[in-house]
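Novice: Listed here are the chains, written in short residue letters.
Number of protein chains: 4
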Amino acid sequence: MTTDEVKRRYEAVSNWGRWGADDARGTLNLITAEVVTRAATLVRSGRVIGCGRIDETPSVINPVPAAHHMLAAGDLPEDGCGIAADYLGIAPHGASTTHIDAFCHIYFDGRMYNGHPASLVRSDGAQVNSIAALADGVTTRGILLDLPAVAGEPFWDPARPITATDLDRAAELAGVEPGPGDALLLRVGREPRRRLHGVAGERTADGSLFLAGPDASALPWLHDRDIALLGSDGGNDALPSPHTRERMPIHVGCLVFMGVHLIDNMHLEDLHAACTAAGRFEFLFTVSPLPFARATGSPVNPIAVL
Amino acid sequence: MTTDEVKRRYEAVSNWGRWGADDARGTLNLITAEVVTRAATLVRSGRVIGCGRIDETPSVINPVPAAHHMLAAGDLPEDGCGIAADYLGIAPHGASTTHIDAFCHIYFDGRMYNGHPASLVRSDGAQVNSIAALADGVTTRGILLDLPAVAGEPFWDPARPITATDLDRAAELAGVEPGPGDALLLRVGREPRRRLHGVAGERTADGSLFLAGPDASALPWLHDRDIALLGSDGGNDALPSPHTRERMPIHVGCLVFMGVHLIDNMHLEDLHAACTAAGRFEFLFTVSPLPFARATGSPVNPIAVL
Amino acid sequence: MTTDEVKRRYEAVSNWGRWGADDARGTLNLITAEVVTRAATLVRSGRVIGCGRIDETPSVINPVPAAHHMLAAGDLPEDGCGIAADYLGIAPHGASTTHIDAFCHIYFDGRMYNGHPASLVRSDGAQVNSIAALADGVTTRGILLDLPAVAGEPFWDPARPITATDLDRAAELAGVEPGPGDALLLRVGREPRRRLHGVAGERTADGSLFLAGPDASALPWLHDRDIALLGSDGGNDALPSPHTRERMPIHVGCLVFMGVHLIDNMHLEDLHAACTAAGRFEFLFTVSPLPFARATGSPVNPIAVL
Amino acid sequence: MTTDEVKRRYEAVSNWGRWGADDARGTLNLITAEVVTRAATLVRSGRVIGCGRIDETPSVINPVPAAHHMLAAGDLPEDGCGIAADYLGIAPHGASTTHIDAFCHIYFDGRMYNGHPASLVRSDGAQVNSIAALADGVTTRGILLDLPAVAGEPFWDPARPITATDLDRAAELAGVEPGPGDALLLRVGREPRRRLHGVAGERTADGSLFLAGPDASALPWLHDRDIALLGSDGGNDALPSPHTRERMPIHVGCLVFMGVHLIDNMHLEDLHAACTAAGRFEFLFTVSPLPFARATGSPVNPIAVL
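Chains as they are written, first to last, in the UniProt record's numbering: chain A, 1 to 306; chain B, 1 to 306; chain C, 1 to 306; chain D, 1 to 306.
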């Protein structure tokens, strides 16, 4: 494709201006009070499942691991009440720790969501489109799509981009119709694949990330359904990208044009097991970023309640 | 009181062994599937409210502010897809940023919750009772108690410890009976007080923290009701402590003996306004710590859904 | 003064182009092999004195204190050889920890030393004029000028900017003629002043830094003598600045125009005592920054040998 | 060897008590005023060479790389004087960044240098034997021993521990007799080896470090000569250790028993080239740690002046 064709593809799914020039929440606007109250009715068994992980282990895919430093431990003198304390250092983006991307995380052709110039993401923080737009968190219906079930394999092959057709089939298997305001979680089976191929199997020979995810054909599919949030145990893009002029089309299409926030590197195995056991792939879903004023994202531990 | 009397007071509310010698969740065990499903029925209006704050401003009460460092901003060359990224550094304990305390945060007489020795909280992290016990987060009924309404003032006077009688009166005003598995949130009106007295007003002349909270008399009250979680816009203890031999009796009583997790420094003004407007002080409540394997707590952004 | 006059004042002391368009070392070029060998002959008594301090204490003038986190302490099991380790976090600039400024630390009218645009100091680090230019450190003659001796007081009054005349008088008292390649250290007696007025005395009522230092009149004086490095126990500028259109004229004049590196917040009391005892205010001086590839400065512990 | 034999070997080189029970400087006590003044006379050509490196690149041997975060870059509005600033995060120990070990870095059988218990290295920092003992830095004669020249190879084979005999031969080639108060620098040719085998060549198949260094037989040799400081471009121990009951005998012998500080991961290629060109392997040597009050070491950029 030419660069112009790429642009046109993005513009075809654009929501710029749809909720006004000052909007910073994108498709989260579709999570109406009614969507929330209906989502709460999905709580049936009272099973609560965390979907986040913190990766503290250095590896080829985790060059800046989450750091945990003790500041005071149990070896200090106790004065009526011993106190332990610590320090957490997290570079949330990358391929390891569960995090949510703010819109300011990605730009295309010098523009962020709703047309703001990339220059507003400054060395002292993002002046617009920061994670602070999610200070109230997100509570809505969550849907788990199980891609390995589509393939009939324990995990989705990263070399095969997930297409709109695959998503259709996964939704059919889940027995749920994704719609406006939904948090859509794509399980690619990264953990079973890692058990087989190790962390090293998530890199190509030339050092690129090698992770299963949708290709650009999924963008219109996501746009048509007006989902509010996209998550995955992978990186929400087929990596390395099969598109020559598009790098991470889901990241660009969702964060820059559609205004859909992304959650990368989720822990979905427990949720998958619970949904399978319950025979039900929809649930109440909550994610609550740390509301740093000018950050490009936040580590998160999303919660599903069945 | 003598040291022995202090110990007896704590032991009177102890839950050590109640859920087995290996238990690391304390009163979270009381959040049964039924408690969760009933909590979900409290969602009526679909109003979602974040109750967390990140304090990035150095001050006399915030000596180690949360740090936000940009690693890549909008000034870098863009290669088909511009990427911004950052680093977050957080020492969650203290009097400023909203955080949840793991049981290993506090010990008394060399012991943590369920009798584990403080020596298990090592310089490389807590071997037991860490925040990882909350990897699935907490979802339950939340109750907001408005202490300033009890006093008929815009905020509770930090010089006056909150007693069991005050809590009774606040529960009565809220029209809710706290019970097993509840997340109890005590609003002391810290933000209105800060607007009047500034951050400097949260310190005494000798440099101690000066924050409204319950005194030791509240412990049996909390224990009798079997609440699962205690939160506040203050520090969950009357500071400086009016007790000579007890330092932070709520922290010690809850974290060490009762096995009740604490959330300090919450942002409760929005929730208070919404509850007041709705005439309803109970709601669905979710808090999801970052599951660091050996940490003593986590910054959190708790979410209330009315 | 008008903005144009300010610019002219800076341009009058400019060394841009003097050592070529690619030069990144400025007046360090004046430290010839002969300057170094002559400096070594100043070692007479073999007395070695550290002139650096690390400020780990939060205060009104130290909002981001140097952080020291233990990663492994003596409480861990020992395996034939116990190992302790730690993490150091330092934001070197500011008014507390001893540090050296790279040229890229300051720009004026969008330009750095030797005319490079400020845009080359990017969110991923400085592409030019970084501290890496000092990877071999600086070894030269050091001269201590004792300003309080000029005033006949235990410390220099921050309200009174240090002028060229004051510097002349101080050099006369020191019995040394500053010249090309010298490291000139201006003692303003900050530590004795702090003992009297506390750290709080280093701030004005409106929260500005209040530190003794030279005003713009010192620039031609420094330029005429071709010194290579300027250091002080203060901040190397009279703060708050008495100049309306010039903010920190010594920082701008030295780092941007003259190409003179600055060392702020030195510990000069031990050196002052030793020089006074020896009746000699010149010595061998070494400062060796940590050679981060793209940093704007480095914490340092400069060494004087008498 | 039995454990008792290992202990006896260490005790044979012990300097505990030699400079009093409270001594925290070990063999640095041998750097007398006379040693310093004589070292200054070694400055002949005025050539100044930095011997430190900061490793900011994640790798198999650098799991916690030195971090450089910009806090303010050239993209921010300029107010009369643009200011850039940054943050440096360094875990100095390990196999990559040049650092000096404080005595508290290592203990054997629960004891540090001069017999202090390991328990004094607490989670809030070392109460004794910290790097603050080197607040005045170290200035003395430096000697470069070129081990590859002994082998007649471009680098020393890590599989072959360096023995006392090798050190004798290297000193003979250097034409210098190491003696009391010297800083002895052992060049193993790590950089030429890395150019051939890559960073991956510094690990064994099972993930251990694979670095050239002396074995335990070097301890009496070092002790007999009373050197004050030992440095290397490697890790100052043959790794993995050929000794079954001794892990890192040079670290234990030097830091715990002899009281000799160690500098690991030096950059010695420039110094080697300069010494070779000058036909002289002794020089003035300065290293100045950041004087953190309770740290176990410091990143350093040692300086040699020929």
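Hints listed in this document are in silico derivations from the structure and should not be mistaken for laboratory results.
Ideal Cβ positions, reconstructed from N, Cα and C, are used throughout, including at glycine.
Keep in mind that the hints are not guaranteed to be accurate.
[Unchecked claim] Distance windows between CB atoms, simulated: (1) C/Q127 x D/R225: 55 to 61 Å; (2) A/A200 x D/R195: 48 to 54 Å; (3) D/G175 x C/S208: 55 to 61 Å; (4) D/K7 x C/E191: 30 to 36 Å; (5) C/T32 x D/S119: 51 to 57 Å.
[Said to hold, decoys possible] Pulled from the structure, derived: some chain C residues nowhere near chain B, Cβ distances all over 12 Å: (6) R18; (7) A21; (8) R53; (9) T57; (10) D75; (11) A84; (12) D124; (13) P154; (14) S208.
[What the hints assert, rightly or not] Listed next, the in silico SDA-like pairs over lysine to any residue satisfying Cα-Cα at most 20 Å (straight line): (15) D/K7 x C/D4; (16) B/K7 x A/D79; (17) A/K7 x B/G80.
Novice: If a hint holds in the structure, say so; if it does not, say that too.
Specialist: Okay, the hints, checked on the actual structure:
1. C/Q127 x D/R225: 55 to 61 Å: Since the Cβ atoms of C/Q127 and D/R225 sit about 46 Å apart, the hinted range of 55 to 61 Å is violated.
2. A/A200 x D/R195: 48 to 54 Å: 25 Å, violated
3. D/G175 x C/S208: 55 to 61 Å: Holds, at about 59 Å.
4. D/K7 x C/E191: 30 to 36 Å: 46 Å, violated
5. C/T32 x D/S119: 51 to 57 Å: 53 Å, holds
6. R18: Holds: least Cβ distance 30 Å, greater than 12 Å.
7. A21: Consistent with the label, C/A21 stays out of reach of chain B, its closest Cβ about 23 Å off (over 12 Å).
8. R53: 19 Å, holds
9. T57: 9 Å, violated
10. D75: At about 5 Å from chain B, C/D75 fails to clear the 12 Å cut-off, so the statement is violated.
11. A84: 8 Å, violated
12. D124: Contrary to the label, C/D124 does not stay out of reach of chain B, its closest Cβ about 6 Å off (not over 12 Å).
13. P154: 28 Å, holds
14. S208: It holds; C/S208 is separated from chain B by about 16 Å at its closest Cβ, greater than 12 Å.
15. D/K7 x C/D4: The given pair, whose Cα atoms are some 74 Å apart, is violated under the 20 Å limit.
16. B/K7 x A/D79: 14 Å, holds
17. A/K7 x B/G80: Cα-Cα ~11 Å, so holds.
In summary, the structure is inconsistent with hints 1, 2, 4, 9, 10, 11, 12 and 15 from the numbered list given earlier, while agreeing with the others.
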